[in-house]
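Read top to bottom, the protein sequences are chains V and X. Residue numbers for the first sequence follow the numbering used here, beginning at 16 and rising by one. Residue numbers for the second sequence follow the numbering used here, beginning at 117 and rising by one.
Don't read these hints as lab results, they were simulated from the structure. It cannot be assumed that every hint is accurate.
[As the list claims (entries may be wrong)] Subject to a maximum C-alpha distance of 20 Å in a straight line, what follows is the list of computed EDC-like cross-link-like pairs (lysine to aspartate or glutamate): (1) Lys137/V - Asp122/X; (2) Lys137/V - Glu144/X; (3) Lys171/V - Asp122/X; (4) Lys171/V - Asp145/V; (5) Lys171/V - Glu132/V; (6) Lys185/V - Glu280/X; (7) Lys59/V - Asp122/X; (8) Lys246/X - Asp225/X; (9) Lys185/V - Glu144/X.
The model shown is predicted, which means the values in this text are computed figures rather than measured ones.
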Amino acid sequence: MEDSVNQDGEVARLRAGDAPSWETLYRRVYPSMLAYAERRVSSKEEAQDAVSEALTRTVAGMDRLADTGATPESWLFGVLRHVVLDRQRSSYRRRDLPVHREVTPDGPLESAVVGDEQATVKAAFAVLPDRDRELLELRVVAGLSSEEVATILDMKPGAVRTAQARALDKLRAVLDRSEEVRS
Amino acid sequence: MTPPFDDDALLATLGAALAPEPVEPGPEAMAALHQALDARALDAADGDSGVVVPFAPPKRRSATWAGIHRLRHPVAAAVAVGMLATSGVAAAGVATDHLPGPTRTVAYDLGLPVTSPALEAAMGTMAQLKVALAAHDVAQVQASAALLRTRLAGLSTTDRAQIEASAGDLLAQADTFTEADASGTSTGSGSSAGTGGSTGAGTSSGSDTSNGTTKGGTTSSNGGSTTGSGDGSDRTTPGTSGSSDGGSGGTTPGSGPTGTTEPGDSSGRGSTPGTAPSTTPTTEPGDKGDGSGSKSTTGTTQPRLPE
Numbered sequence: 016m017e018d019s020v021n022q023d024g025e026v027a028r029l030r031a032g033d034a035p036s037w038e039t040l041y042r043r044v045y046p047s048m049l050a051y052a053e054r055r056v057s058s059k060e061e062a063q064d065a066v067s068e069a070l071t072r073t074v075a076g077m078d079r080l081a082d083t084g085a086t087p088e089s090w091l092f093g094v095l096r097h098v099v100l101d102r103q104r105s106s107y108r109r110r111d112l113p114v115h116r117e118v119t120p121d122g123p124l125e126s127a128v129v130g131d132e133q134a135t136v137k138a139a140f141a142v143l144p145d146r147d148r149e150l151l152e153l154r155v156v157a158g159l160s161s162e163e164v165a166t167i168l169d170m171k172p173g174a175v176r177t178a179q180a181r182a183l184d185k186l187r188a189v190l191d192r193s194e195e196v197r198s
Numbered sequence: 117m118t119p120p121f122d123d124d125a126l127l128a129t130l131g132a133a134l135a136p137e138p139v140e141p142g143p144e145a146m147a148a149l150h151q152a153l154d155a156r157a158l159d160a161a162d163g164d165s166g167v168v169v170p171f172a173p174p175k176r177r178s179a180t181w182a183g184i185h186r187l188r189h190p191v192a193a194a195v196a197v198g199m200l201a202t203s204g205v206a207a208a209g210v211a212t213d214h215l216p217g218p219t220r221t222v223a224y225d226l227g228l229p230v231t232s233p234a235l236e237a238a239m240g241t242m243a244q245l246k247v248a249l250a251a252h253d254v255a256q257v258q259a260s261a262a263l264l265r266t267r268l269a270g271l272s273t274t275d276r277a278q279i280e281a282s283a284g285d286l287l288a289q290a291d292t293f294t295e296a297d298a299s300g301t302s303t304g305s306g307s308s309a310g311t312g313g314s315t316g317a318g319t320s321s322g323s324d325t326s327n328g329t330t331k332g333g334t335t336s337s338n339g340g341s342t343t344g345s346g347d348g349s350d351r352t353t354p355g356t357s358g359s360s361d362g363g364s365g366g367t368t369p370g371s372g373p374t375g376t377t378e379p380g381d382s383s384g385r386g387s388t389p390g391t392a393p394s395t396t397p398t399t400e401p402g403d404k405g406d407g408s409g410s411k412s413t414t415g416t417t418q419p420r421l422p423e
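Construct all of the structure, not just a fragment, from the sequences and the given hints.
Below is the structure:
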């Protein structure tokens with residue numbers, strides 16, 4: 016309840032164009048937004064541009080923020096996702112797509128075998144399909160709820176939960192396989 | 117390592133593995149944020165709560181001028197400009213109903229909302245008549261009135277209904293003016309020396325009708341046994357300057373009206389049926405009295421529009 020009140024107050028300030036509130040929000044979500052973008056565009060600079068563009072678009076559409084009932088974080092990630100998709104399409108037309116992360120014996124999976132736990136999990140995560148990676152990233156990196164992720168990915172919350180469980184199963188299978196390789 | 121099998125544990129491990137580095141947005145990013153906020157504030161001050169455009173788009177020519185600018189041939193450009201100008205003038209002409217005659221005729225035939233040429237001509241004649249009345253130009257008044265009657269006769273029912281009242285008033289003014297003018301310039305005075313019968317000579321003087329209200333003739337006779345005098349008639353008609361003069365006095369049966377004297381008339385005292393000149397209904401407006409005792413009448417007292 017208190018969180019809801021605080022969130023409503025923040026949304027009201029953001030809608031009013033309160034610069035300190037926007038700065039606070041920006042500093043809070045910037046790392047996760049940048050990480051999300053970096054994994055999807057070809058360079059760190061382009062990721063920074065994508066985050067900045069997403070923020071500009073969000074400021075422009077702040078009037079609609081309260082109407083959707085979404086939190087500022089989920090709103091920002093939803094905008095960022097569209098910006099990244101636009102850039103991915105543009106990069107595809109320019110034939111400068113980022114290197115596709117294929118699962119190869121000498122690729123990330125091999126690194127996962129020899130690395131520590133987090134590196135293993137990170138490597139296993141890298142071999143998941145794009146859709147699964149995006150969903151898990153929005154859940155664990157952006158910290159969004161199933162409902163918020165459902166809004167961003169245009170899915171039902173129940174479908175998000177099901178897809179999440181399925182993605183974790185795949186991740187688990189990859190980790191099992193890596194364990195077998197190590198042993 | 118032993119992979120975590122619990123979903124929550126796996127999510128926690130994944131979150132730790134994917135945790136972003138603690139980075140701060142750079143000065144450029146913060147500047148972009150403030151720029152967006154400033155643009156949003158300016159837009160809100162303008163009362164437009166729509167989407168903010170942080171950077172103003174470059175100004176562009178309008179499509180029309182851009183198209184003309186792309187024309188390579190000066191002649192083609194001139195034709196294009198001419199068409200634009202003339203179409204604009206034509207549109208303005210139709211809108212304001214100020215068109216030259218041929219153009220109006222074509223436009224009327226095409227069904228454009230313009231006044232019909234006949235009605236326009238009649239209205240023009242009405243204007244001329246007004247000017248002539250204001251200038252006290254008798255000849256012009258008469259000519260314009262006659263022309264107006266002709267034009268009114270040629271109007272359709274719908275067109276005539278539009279100006280019938282005003283035209284009728286104007287024609288009435290014209291007739292009144294013409295008649296008044298005639299009264300001031302053609303006061304007829306006639307005198308005839310009557311030949312007295314046996315005793316004397318009679319003199320007769322007649323006064324003219326002025327504007328259709330005076331018909332008197334005064335006659336005196338001396339020695340005549342019969343005094344017969346009078347204006348030729350008692351009828352005057354607006355627009356006519358008929359005059360009557362004294363009839364003949366004398367011993368002979370005098371001339372006089374033939375029983376058409378209206379009440380109030382002070383003339384026509386011929387006591388005997390005289391041989392007064394008969395009225396001439398065909399007298400044209402502007403006819404002057406000739407002192408012969410004749411009286412002109414036209415028989416109409418109100419202007420009538422042509423049928």
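Going through the hints against the structure:
no. : hint                : verdict
1   : Lys137/V - Asp122/X : 17 Å, holds
2   : Lys137/V - Glu144/X : 31 Å, violated
3   : Lys171/V - Asp122/X : 24 Å, violated
4   : Lys171/V - Asp145/V : 19 Å, holds
5   : Lys171/V - Glu132/V : 33 Å, violated
6   : Lys185/V - Glu280/X : 96 Å, violated
7   : Lys59/V - Asp122/X  : 34 Å, violated
8   : Lys246/X - Asp225/X : 29 Å, violated
9   : Lys185/V - Glu144/X : 40 Å, violated
When the structure is compared with the earlier hints, violations turn up for hints 2, 3, 5, 6, 7, 8 and 9 and for no others.
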